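Asker: Listed below are the residues making up each chain.
Number of protein chains: 4
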Amino acid sequence: MIKKIAVLTTGGDAPGMNAAIRAVVRYAIHNKLEVMGIFRGWWGLINEELKLLDHRSVSGIINQGGTILKTARCPEFETEEGQKRALNTIKKNAIDGLIMIGGNGSFKAAHIFGTKYNVPCIGMPASIDNDINGIDVTIGSDTAINTALAAIDNIRDTATSMERIFVVEVMGRESGYIALQVALAGGCEDVIIPERRFNLENICHDIVEGNLRGKISWIIVVAEGAGSAFDIAKKITEMTSLETRPVVLGHIQRGGRPSAFSRTQAATLGEAAVECLLKGESDKAVSIKDGKIAVIDLEFAITKKKLNVDSLYNLVKVLT
Amino acid sequence: MIKKIAVLTTGGDAPGMNAAIRAVVRYAIHNKLEVMGIFRGWWGLINEELKLLDHRSVSGIINQGGTILKTARCPEFETEEGQKRALNTIKKNAIDGLIMIGGNGSFKAAHIFGTKYNVPCIGMPASIDNDINGIDVTIGSDTAINTALAAIDNIRDTATSMERIFVVEVMGRESGYIALQVALAGGCEDVIIPERRFNLENICHDIVEGNLRGKISWIIVVAEGAGSAFDIAKKITEMTSLETRPVVLGHIQRGGRPSAFSRTQAATLGEAAVECLLKGESDKAVSIKDGKIAVIDLEFAITKKKLNVDSLYNLVKVLT
Amino acid sequence: MIKKIAVLTTGGDAPGMNAAIRAVVRYAIHNKLEVMGIFRGWWGLINEELKLLDHRSVSGIINQGGTILKTARCPEFETEEGQKRALNTIKKNAIDGLIMIGGNGSFKAAHIFGTKYNVPCIGMPASIDNDINGIDVTIGSDTAINTALAAIDNIRDTATSMERIFVVEVMGRESGYIALQVALAGGCEDVIIPERRFNLENICHDIVEGNLRGKISWIIVVAEGAGSAFDIAKKITEMTSLETRPVVLGHIQRGGRPSAFSRTQAATLGEAAVECLLKGESDKAVSIKDGKIAVIDLEFAITKKKLNVDSLYNLVKVLT
Amino acid sequence: MIKKIAVLTTGGDAPGMNAAIRAVVRYAIHNKLEVMGIFRGWWGLINEELKLLDHRSVSGIINQGGTILKTARCPEFETEEGQKRALNTIKKNAIDGLIMIGGNGSFKAAHIFGTKYNVPCIGMPASIDNDINGIDVTIGSDTAINTALAAIDNIRDTATSMERIFVVEVMGRESGYIALQVALAGGCEDVIIPERRFNLENICHDIVEGNLRGKISWIIVVAEGAGSAFDIAKKITEMTSLETRPVVLGHIQRGGRPSAFSRTQAATLGEAAVECLLKGESDKAVSIKDGKIAVIDLEFAITKKKLNVDSLYNLVKVLT
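Residue numbers (the numbering used here), protein chains in the order written: chain A, 1 to 320; chain B, 1001 to 1320; chain C, 2001 to 2320; chain D, 3001 to 3320.
What the hints contain is simulated information worked out from the structure, not anything from laboratory work. Incorrect hints may have been included.
Unchecked claim - With a straight-line Cα cutoff of 30 Å, these simulated DSS-like cross-link-like pairs (lysine-lysine) come out:
| hint | chain 1 | residue 1 | chain 2 | residue 2 |
| --- | --- | --- | --- | --- |
| 1 | B | K1215 | B | K1234 |
| 2 | A | K3 | B | K1215 |
| 3 | C | K2306 | D | K3215 |
| 4 | A | K32 | A | K116 |
| 5 | B | K1235 | C | K2234 |
| 6 | D | K3003 | C | K2215 |
To be verified - Per the computed footprint, the stretches of chain D lying under chain C, defined by three or more beta-carbons under 8 Å from a beta-carbon of chain C, are:
| hint | stretch |
| --- | --- |
| 7 | 3057–3063 |
| 8 | 3190–3200 |
From a predicted model like this one, the values you see are computed outputs, not experimental measurements. No residue lacks a Cβ here, since even glycine has one placed at the ideal position from N, Cα and C.
Chain A extracted, bound-state conformation:
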């Protein structure tokens, strides 16, 4: 029987991480477990920065962006020495299992560390990028999409009023998920994503042709991994002689009050993650798959996610 678990947040922060911490802590305490909070991700595990969390310590955070446990990059965790120091913290503090709240990179680290040192690790997917395999939607992703969409709605006002072209860069280094969702929800005229080759000449051709028909305002969404809004806007201006403005949404997509969906997800996945440890599972991720809670192997979760982008892309184009 396990008695004490630890929870940490790693990688970039995502809205709903605090709701996830709250769920893990309270569900664990309800099941007679002690919960340690580790600060600054793997760094805190290596440097033994942790403290016992009680029921009250997670009060009032459910609707706050960011993470009260903070998060940080930690290259040292990739070294043998770093990992051994982390293991030492775990043993010294009699920690029976880890719940790691984070994204793809963090899942990889958890998989390597957990299997190598035989530490039960359960991953909770929280990342605005939604780039974890076997998982419909990561915690925070729905919030980030709504934040980006609100920005697009604002830009649409100017695009329409000033009859201009905008290229809006959204997050997504390897995945066009946010870009596609935002383009579809925002009624955008085109979307450029890493999963799909694009031809700027075709886009410019469409723009010029639309212009002749009287369709003068245009918003093109680009995932950061597929190109730079600045470069693309510059090229469109060159090719079409039409004024084109770049907007890079950047870090505003990362923070903010989590949406209802990001929070309920955090609650149900927090329950599932603690249940995994209670049942003695390890090297797993909890997930919402096909609309239902599922437990998948970390090894599978860290393989490259394949998004079926064509049908959504075509729908964006048909509806515009």
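Put chains B, C and D on the given structure of chain A with help from the hints.
Answerer: Then chains B, C and D, alone, in the frame of chain A:
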């Protein structure tokens, strides 16, 4: 081959109905169909209030609440005469199929009318109540939940600052779906829903006991179908002598800018609905089931939805 | 030279109170003062619930609704005994002056207490009601108006789509300030306020006449002090036979993230309040009057505010 | 007696322009005037793109960003020939006066054109830059500040969670107004504005010193006219070796649902502008000055606005 379809919105308006109309119209036009928009739901079908919609007629509405086609109650559509007049409009205008955007009551009407008069009817689920069977989430439901949640977040500020008890009534005549989601996402202390008996004495006992431990602020969510915030607040005050305030969120949950999810849903379901008519299907509803697009029988969709409320309810209680 | 001051929040909470506390604490510390935070308003002064606040203790609260010092009603403060106990706390803790953040009722109490016991008291106006004389806008009022306006915008979607009449009750027991601002900003068809007699028959006449012209949706804002949305909606239905729905916005107007204006106001008034105490002033309120910081007598501030409502009311009617 | 006026929006769009158009149109019609709407600013005046606006033509726009009259740059209006063609449109359409809704540049053009050709021109200040002299706040400015503030609040979540430095660029080519308001309301650590020299070495010194005290997250706001977020972030990284991220808010600040204040301002200034024309005034701007409606000379309004930035800047620094 069908050539002309009609689209209408019925029942209470829901955020995302406009995005749904836009999707239906543009996807249909892309497929060489003509689309008639019928005004004020069944009433417009009976009274022949309709007009041809083109690509431009649905511009700039994707992010607007309400419905440009308007909606209305229509008891006349339950009569033989009303139905015959509706049928007459359909024949006169050479309409080959109807796409009906609405909720449970509207689906029932579509099922009866479509089968009786052999008119191809496809239902698109849009309702903040999320009370349609075989459908994970209706269009508008995610938006309504986020609106109610923002209200709850605001109320929490006062509940905490003034150390008070609030009873917040949310929509849901027959379903506790919104109430449960909001309670879980809002970190609420209790939730009262139609699907589950509640005992006010137990709730008051919890409140008084919490009070002794220093837990003084309390938000109880109630679905309108399970009780009145005014009555419950009054009884809690009587039973506990603690100041308890009712808040009825009411119609603010119905309108507003649709969320990203409500809009992407509207787009994909709009495509699916038109595809159904193109394939010659009838008496069906398009749906997102287990996270995927599905086509289900209207007859099944109108049977009573059974929500598994116990696990969510227990999670609300454990996490508070 | 004063060395130590105390700050408290009293009456109903208002968005921006936390930003005000932060400004007072940090501006005072910058001026070498010690600052005590008193909990639950006058109650904490009577019961000696207070603690020293440092720079860090007000971190991360600038954008949070409510008040970290909490607030409560305190009838005991109106008694001789209560006041003497409060005075005792002040003397025992060597407090040289009080900054009281609150509304009209709290200003009255501060005026009585400060003059009677010779305690330097400076009032900072924070109240969603905007009912303090000599003060353009209280802290929190701009936020409350924006919250109510967002609700009205949502209701407009349904009013237009379903062609209905809504009566929306907003805060304002003695003042129609919020109601007028919201009605003007929301494009509402009428507004009922305490400062102005209204004639429901005239309103109903307008509605029926508008109905004949095709103007079917209607939003009437009512300040809570001028009538009940339920009663008014019921009477309109009776008089016009048109479906009329009441919405009571209630406590959602009180909380939430403070607007930019509520926060900058809190900052500049916090500076002004501490400056008053540094200069040896007492029995004053800091204020924004005619767009500029001003210091006014508490005695004047608590006299009945006279709002010039007619020009705004007429503008609402002309523009609708 | 004047009989017909025209209204146009020029320069960059600002939230509240639509509310301003609505107010002008309806107040004018109420006073028995005809109102022509001119499309795309001065361009439409030159090219005779205009149409009669009735009461209904401005329905449903009060809460929409952008401008239904559209706006455009028009270098031709600076030429003699352009101006003569504009005059021709005015004469041909029997327009007795112009209401021009726009910013500083547009006011200059209105002043030159109106005095040279003896056309009564009244300016309504609408611009997110708030750079018009003699005017407390332009229409749209309050909304833009709130939009930028929401972005800053989001970024704060990440700054705190990841303990990072952010440089956030906001609008303001010649004015630090938005930057100062946002920095004060957002609790930002520093702000760089055109009106005030800044020394990056001092800022870096503060950052490093703060870092040693444990203050690790930092948000520096920069007005676009005072520097580039990219350049400043790069230099801070070089000077301090601390990871610093730039964010350029850009066009998201321009659009969106106007705030209550931007809308009520639009209403009262719209009334004032029409009143000016009714009274035979010309070459004036309507303004809110010291919290009250005022009418000022366009000649004065276009002189450089001098903002007293030092007191606000110091307050930002003291409160951080």
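Asker: Hints broken by the structure, by number, lowest first?
Answerer: 3 and 8
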